Amino acid sequence: MLAAAAICGMLWTLAPVLLKLRLKVNEIISTLMLNYIAANFLLHLLYGSWKDPRDNFPYSPAFRGFERLPDVFDGYNAAIVLAIIVTLFALWFIGISRAGLYLRFVDANPRVADAVGVPVRKMIIGTVLLSGALAGIAGFIVTAGQEGRLTQSFYQGYGFSGILIAFLARNNPLAATIVALLVALLFVAGRSLQVFYQIPFSMVQLIQAILVICVASSDFFIRHRMRLIQRGEQ
Amino acid sequence: MDMIANWLGNSPDFAVPFALAALGLILTERAGVLALGAEGLMLVGALAAIGAQLSFSTPMISLIMAMLAASVVSLLFALMVLVMRINQVIAGLALVFFCQGLTGLLGTLLEWTNHPVTGLGAVALWPLSELPLIGKVFVQNPLVYLTPLIFVGVVWFLYRSHAGLRLRAVGENPQAADAAGISVLGYRLAAILAGAALIGLAGGYISVLSTKMWIADMTGGRGCIAGDLCALVTVACPGGRCFIRLHRSLDPATGVHRHSFATVFCADDALRRDVAGDDLGRHGQGRRIRRLGQPAWCAG
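Listed in order, the protein sequences are those of chains A and B. Here this note's numbering is used: the first residue of the first sequence is 1, the next is one more, and so on. Here this note's numbering is used: the first residue of the second sequence is 1, the next is one more, and so on.
With the rest of the complex left out, here is chain B (with noise of 0.2 angstroms):
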């Protein structure tokens, strides 16, 4: 009965920076930017974060110092993506060799390398806090709380609010929307710094908040499954993101070969991606994004 109430309780600590990097990549895809350099920006994020933290030792300017720093660095991401037209796969890989060996090399220059910090402590909410098994749920650092209501934000922006209409038209049709008068451009600038943002926020949450140190490329790759998830939650599967997180936050609590069940995690993964392509081309096509990765060739 334990290990299911620490294992619940230690859920919504992996599920945030998955959450909020896969949010970010749905914002930038939504605008029809392939957003493959995702664990680069988180990077950033994590370095800057860390940066700020033992500097001015203040978890909110740390956070704000990792979206910002995330967004500048997306700032040549949109350079090369929408101005220069480069092919997004290798503008977004180059990205993530780029803030890998930026990071790195700060990280280590900075000495900012293997140095803790005090992240936030964690909160309860009282009465939920007291409950038997899921008790230990709703004690977490106040951004677990915060992330649902971004959540919330943004889908408001996407679904409910002008903006987010002629996002998503940018996305699924860039000559309509440039032919309705939209820049799409503009637009596609707008949602990457966004969604830059949002990773930075993830990769700050990595490190401030939840590993509480900086270490070289620390994030290890959560910012490709966070694109995996994205790619999930796009095809409307909203189980996905529930499931990850079962899945990442067993493997300290039970002491399962760490290895052995990453593999497994990752098999699951890729197959709940094709049951998910599977149907997106048979009926899906409502929710496609179909331009995601072209650049814009009629607009500038």
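Here chain A stands alone, though its shape is the one from the complex (with noise of 0.2 angstroms):
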């Protein structure tokens, strides 16, 4: 399963990283196509063949208990460790290997690179191809760790979440994980005070949305020194 999560995750980038290869369509609004047609396609599924037999209510039946992802202690599964370990290869795939340096020159570069014969093109396909794999298995996370059924909606929240904490974290793996934990701080108890407070939850995404704004904003000040100028003097 967690293979063929990584696969298809792999096999849905491939599509716009090709086309912006090849044809420079824009990644950005391919991809965000493709979220519809993805979002839509499991509808389909959950609504059509893989509806629950039992109680036609529109998720998938419950996965058997060897399908799910085993507790490593009590109330935490194996999900916390394949997040353990993907970080640290992230952290030597970006910091150590030498697919991490060309990766850098490529991001700094990419003319200089292909001059000095990085095989950018190679590089890129790899990366966004390995990003697609993690981002498959963050759905085999959430569906085989958490919710044990494939449900319409569990990856609500989470994409865009990365997307968010990848840039909080500065492109970094090891804050990217500090900066996710906070983010999960941040929506379990969002959920909690929904459940006892009645704070509703778009408190959260608003919170978050701040966050960001505010972190995005102070790259201003910090490269930008603030100075009034005198009527006059220029």
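In short, the hints are calculated from the structure, not lab data. Incorrect hints may have been included.
To be verified - Part of the chain A face toward chain B, derived, beta carbon under 7 angstroms: (1) 32; (2) 167; (3) 197; (4) 200; (5) 203; (6) 205; (7) 206; (8) 208; (9) 209; (10) 212; (11) 213; (12) 216; (13) 217.
Keep in mind it's a predicted model, so treat the numbers as computed, not measured. Where is the CB? At the ideal position from N, CA and C, for every residue including glycine.
Got two chains here, each in a separate frame; can you build the complex from them with the hints?
Structural data, given as structure tokens:
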């Protein structure tokens, strides 16, 4: 299941990256649209052939015991081990491996990288596919770890929060783990606030957005110094 | 035969929000600002319109409130993108999140959720509305008739007016525009505000005239699809809008499996984009907004 999730995630990102490289199709819009394709295809399956035959609700039948991620210790399933492995792998990949060096080179200046002989296209395709695979694994963790079945909206909030987490962490894998934990805290706190104090869950989204806006703006104030200019002086 | 007539009659109602939002996006993108926040602005417009409708029950005021509210929220986007020079993709996504949170919160706190309102009644254009098959196309609410006029106005502005020329210059080459003495930031701000007003109008249309109530996240991805449409239209693909219109309206009328249909629709949409992109890569240089999404470093 893990492998299937990773491979499908990979295949899903194959189309946009090839289109981007071959036809210069804007990857932001093509992937945004692919989100809708995936989401609607999921609904198609859940309302159609994968509907739970027992109660006819639009979710898949519950996974059997061996299909679930096992608990490592009480209340925490193996996803957390998987996350640690992935983080270490990403750290190694970006920071230590040769591919990581190439990757940073391509990021800094693709044309120079190409001139020096770095396989730019292969690097781009490879890393995008790898990230697709990781996203696939993330979906697998949510379904097999937490929910135990495929539901209509299991993915909601994870994808876009992922983008924002990567941004908040400045693309650093270790920082991303910490930020992800903090954002998860925010989400869990939001849920219990909703249950116990009737504070709408949208509050969490709002806080998240304000956080991102503040962090993004802080960049401006780090790089620029504000100075009052008297009239007449320039 | 009835099915086709109903389908044709339903089409404009589905198409108008797309058309208006796409038009707003075209305005901002022509000025070189990548507006991914359309989804959020539509929500703001929708909520503001419902709020005004519940308080004053005058659709005119509601739609104007929708435009104003979306413009005010887009000031935040303008602040992020123009003043702080934040990456426009991040700013757009943050704006969507912000608006989703804000509208969800306000909708719940002000208790505007699930209160149906009376929108505008349909107006029949008399001689046309009696036509046999396509008669129902001409029984629509007034804003539907207004939409083509808005289109003509914006097209005239972009291609026939001096300010429109400058706006396109700002989008295509901000450095040159700046050298020619055009205020890049000023034009971009104006484009963001005007575009947001149109997007807000689209949102208001959905909530007050189409669905006639507020539900959190009610726009359901229509902002993103409008963005996609806008990309289609900017690369000179006039069939795009009609196409979507057909697709969208087919589904309630025929009762085809809704989600399978939506899947096909999105796939198809993505495919069309790719074709358009292909066209663009080979010989579409002239119509491309080259500086889309890049901050205007030169100005300021």
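TODO: Go through the numbered hints given earlier and state which of them the structure violates, listing their numbers in rising order.
DONE: 3
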